[in-house]
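Protein chains in written order, with this note's numbering: chain U, -11 to 192; chain P, 8 to 278.
In case anyone wonders, no lab produced these hints; they're calculated from the structure.
Quick caveat: nothing in here was measured; it's all calculated off a predicted structure.
Ideal Cβ positions, reconstructed from N, Cα and C, are used throughout, including at glycine.
Be careful, since some hints might not be right.
Unchecked claim - Using C-beta positions, here's what the derived DEER-type ranges look like:
1) P:129 / U:61: 57 to 63 angstroms
2) U:122 / P:231: 49 to 55 angstroms
3) U:89 / P:129: 36 to 42 angstroms
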Amino acid sequence: MSIFEYNGSAVVAMVGKNCFAIASDRRLGVNLQTIATDFQRIFKIHDKLYIGLSGLATDVQTLYQRLVFRHKLYQLREERDMKPQTFASLVSAVLYEKRFGPYFCMPVIAGLGEDDVPFICTMDCIGAKELAKDFVVSGTASESLYGACESMYKPNMEPEELFETISQALLSSVDRDCLSGWGGHVLLVTPTEVQERTLKSRMD
Amino acid sequence: AQGFTLPFEAAFSFPQTDCSPFASLAVSPLQPAIGTPEMGDSQYSFSLTTFSPTGKLVQIEHALTAVGSGQTSLGIKAANGVVIATEKKLPSILVDETSVQKIQLMTTNIGVVYSGMGPDSRVLVRKSRKQAQQYFRLYKEPIPVTQLVRETAAVMQEFTQSGGVRPFGVSLLVAGYDDNGPQLYQVDPSGSYFSWKASAMGKNVSNAKTFLEKRYTDDMELDDAVHTAILTLKEGFQGQISGKNIEIGIVGADRKFRYYIEAIAYGLWLN
């Protein structure tokens, strides 16, 4: 079993009309045994920027701590929040620093940029950025997620419809993956508010 | 015989009960007595910027004197851009004036002019350019003017607190245009920096500043600012001012810093 499949994970982000949604599963496993059903994979960097990290759980936590550290210093020095594009470049640089001994994490970055234009991107574990206009996925359930998102996604969805779509895509994909699931966690971010919801799903 | 890298090391190892007749010949408490093998080392091995009893760093004062005797340079921040200018007096008519360039780019939208020792400014510009590029490589965003000024100032401060180095003998005027609009900063040899609406440095600084104080208005346009800058230089110019012996750098809302090694190229021949 590969190191990326040790803990199991599923993360997806989607762009809507002046909003974005980012969702993840909640399982933390050790190979085939489930250890926790409330593991946090999506983290806030600032009010309009979130990062979801899939892959090895210890690297998820450490990488998040390192990135928050860098962002806090940036906020203190420059007296402003990082733009999502800037943050994505930073994550890419941080990952590439460990090119020959990488963090086993695949980040999904989602944020509202200047003029509240939604921005999403993903990258591999050594920082190869991939921008997208519609959705990005990552984790052990990524293949199922690609299929589900491709068929369910429509451009310019309103927040409520976007929430429905991303939740359905997540739940149907993790049902096809034994290593992820056990609930879902969805964040819907608009210029004015953030809605955080937990999904009830098959607990297997 | 160990070399002291920091003054306090010397203070701790100085013999407190030296009653020899030569003790009084030691020049200061931080130097060993004359005639000992340590004497030659210590002249060079502690920081040149040790505090004087009056609380000053004498080397920095001397560096500021070096700046004050350099050729005048000035900068003016207008509502829609910044202009920096300097007089360019060449030592002889045989010098190829097209090869002399005092105003330099730090990034495509930030330029700098100096007063003082030219070679020192080249070192600083080199370091600042590298820092600006490192910032861009990390964030894929051009460095804000304040951040670049802060890092340049940090370099200058390092050289006032390290062993075996001297402070830079230049003050820099950094002019740039970024998301926060036009900005003008002065950085001193001590590493302190200030944001100015208009400032001058070098030989004629007090006259130039008085002139600028009278002429400066908050809503000045860039063209007016350039005109005023040239007039200010003309005030203190010894000899015949011409388009060929002043250098001008301008950055406007287009965020492209342009320099003109002969002001005549800008079409502002002033007489």
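| Honestly, do residue 129 (chain P) and residue 61 (chain U) meet the 57 to 63 angstroms range at C-beta? | This hint is violated: roughly 30 angstroms between Cβ atoms.
| said: Looking only at beta-carbon atoms, does the pair residue 122 (chain U), residue 231 (chain P) fall within the given range of 49 to 55 angstroms? | reply: holds (50 angstroms)
| said: Is 36 to 42 angstroms respected by the C-beta to C-beta distance linking residue 89 (chain U) and residue 129 (chain P)? | reply: holds (39 angstroms)
This entry does not satisfy hint 1, going by the numbered hints stated previously; all others are met.
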